[in-house]
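Enquirer: Using the sequences provided together with the hints, build the complete structure.
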Amino acid sequence: EAGVTQFPSHSVIEKGQTVTLRCDPISGHDNLYWYRRVMGKEIKFLLHFVKESKQDESGMPNNRFLAERTGGTYSTLKVQPAELEDSGVYFCASSPQGFQAFFGQGTRLTVV
Amino acid sequence: GENVEQHPSTLSVQEGDSAVIKCTYSDSASNYFPWYKQELGKGPQLIIDIRSNVGEKKDQRIAVTLNKTAKHFSLHITETQPEDSAVYFCAASRTGRRALTFGSGTRLQVQP
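Keeping their order, the protein sequence lines are chains B and R.
Residue numbers for the first sequence, in the working numbering: 1 to 112.
Residue numbers for the second sequence, in the working numbering: 1001 to 1112.
Rather than coming from a laboratory, the hints here were simulated on the basis of the structure.
Keep in mind it's a predicted model, so treat the numbers as computed, not measured.
One should not assume that every hint holds.
If you anchor each label on the Cβ, the simulated ranges turn out as follows [said to hold, decoys possible]:
no., chain 1, residue 1, chain 2, residue 2, range
1, R, Pro-1112, B, Glu-57, 24 to 34 Å
2, B, Ser-53, R, Arg-1061, 36 to 46 Å
3, R, Ser-1028, B, Asn-63, 46 to 56 Å
4, B, Glu-14, R, Asp-1027, 32 to 42 Å
5, B, Gly-98, R, Gln-1060, 13 to 23 Å
6, R, Gln-1045, B, Arg-22, 18 to 28 Å
7, B, Arg-64, R, Pro-1008, 32 to 42 Å
8, R, Gln-1111, B, Thr-110, 30 to 40 Å
9, B, Thr-110, R, Lys-1068, 34 to 44 Å
10, R, Leu-1040, B, Pro-8, 15 to 25 Å
11, B, Thr-76, R, Gly-1096, 24 to 34 Å
12, R, Leu-1040, B, Lys-15, 38 to 48 Å
13, R, Lys-1068, B, Gly-98, 38 to 48 Å
14, B, Thr-73, R, Thr-1069, 39 to 49 Å
The calculated lysine to aspartate or glutamate pairs, modelled on DMTMM-like cross-linking and capped at a C-alpha distance of 20 Å, are [claimed, not checked]:
no., chain 1, residue 1, chain 2, residue 2
15, B, Lys-44, R, Glu-1005
16, B, Lys-41, R, Glu-1002
17, B, Lys-41, R, Glu-1039
C-beta: ideal position from N, C-alpha, C; glycine also.
Expert: See below:
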């Protein structure tokens, strides 16, 4: 069974540009989460989808971040315009009905 | 909101020794406590978890203990091996809000 897959693995963009991160969850997992780890600090929650609906977006830092989950399958996280403080590793995780969440390998975003 | 504190931030042990990582949480409603292992360049991998109705859980060389009264839980790794070297994260969540709140991580180094 394929795990959670994230694209790209690395992205380097200039301040002010737009970047879109993609996450393909484990097949059949209704729950999809985005997290990020900035500057070696703790991993912080961004938002939670149940199928195509946003269940909890309390962790989204500001309106420059937009997450979508088309048809309840893959999800995208767009940052527009990117700022220096957005640099970090963005993780996606998915889970079935229960609590256990399985993480992807992450996308390392560097804004210069 | 929930706050999870994790200690120590770094831990170095000799191969074969035991390692213990401790976490405390603030929200008494939290009832799910997973532990993740993150190796370099990879995403967090779920290694063990415990629910609040259980005091201890063991899986081969790893075990987790939970003290609900004191609101702390610990990861125990026995007979450590070099491949146990990684960053370990504790986390907490609760029914009704699946978002994980992570500790700041512990870098474990097992010296051969």
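Enquirer: With reference to the structure, classify each hint as holding or not holding.
Expert: Verification of the hints:
1. R/Pro-1112 - B/Glu-57: 24 to 34 Å: violated, 45 Å
2. B/Ser-53 - R/Arg-1061: 36 to 46 Å: With Cβ atoms ~40 Å apart, the hint holds.
3. R/Ser-1028 - B/Asn-63: 46 to 56 Å: With a Cβ separation near 33 Å, R/Ser-1028 and B/Asn-63 fall outside 46 to 56 Å, so the hint is violated.
4. B/Glu-14 - R/Asp-1027: 32 to 42 Å: About 40 Å separates the Cβ atoms of B/Glu-14 and R/Asp-1027, which means 32 to 42 Å holds.
5. B/Gly-98 - R/Gln-1060: 13 to 23 Å: For R/Gln-1060 against B/Gly-98, whose Cβ atoms are near 22 Å apart, the range 13 to 23 Å holds.
6. R/Gln-1045 - B/Arg-22: 18 to 28 Å: holds, 21 Å
7. B/Arg-64 - R/Pro-1008: 32 to 42 Å: holds, 36 Å
8. R/Gln-1111 - B/Thr-110: 30 to 40 Å: holds, 32 Å
9. B/Thr-110 - R/Lys-1068: 34 to 44 Å: Check passed, 41 Å falls within 34 to 44 Å.
10. R/Leu-1040 - B/Pro-8: 15 to 25 Å: Hint holds: Cβ distance 18 Å, inside 15 to 25 Å.
11. B/Thr-76 - R/Gly-1096: 24 to 34 Å: Holds - the Cβ-Cβ distance for B/Thr-76 and R/Gly-1096, about 27 Å, lies within 24 to 34 Å.
12. R/Leu-1040 - B/Lys-15: 38 to 48 Å: For R/Leu-1040 and B/Lys-15 the Cβ distance comes to about 28 Å; the hint is violated.
13. R/Lys-1068 - B/Gly-98: 38 to 48 Å: violated, 20 Å
14. B/Thr-73 - R/Thr-1069: 39 to 49 Å: With Cβ atoms ~43 Å apart, the hint holds.
15. B/Lys-44 - R/Glu-1005: Given that 20 Å is the threshold and the Cα spacing comes to 13 Å, the pair holds.
16. B/Lys-41 - R/Glu-1002: Holds: B/Lys-41 and R/Glu-1002 sit about 16 Å apart, inside 20 Å.
17. B/Lys-41 - R/Glu-1039: holds, 16 Å
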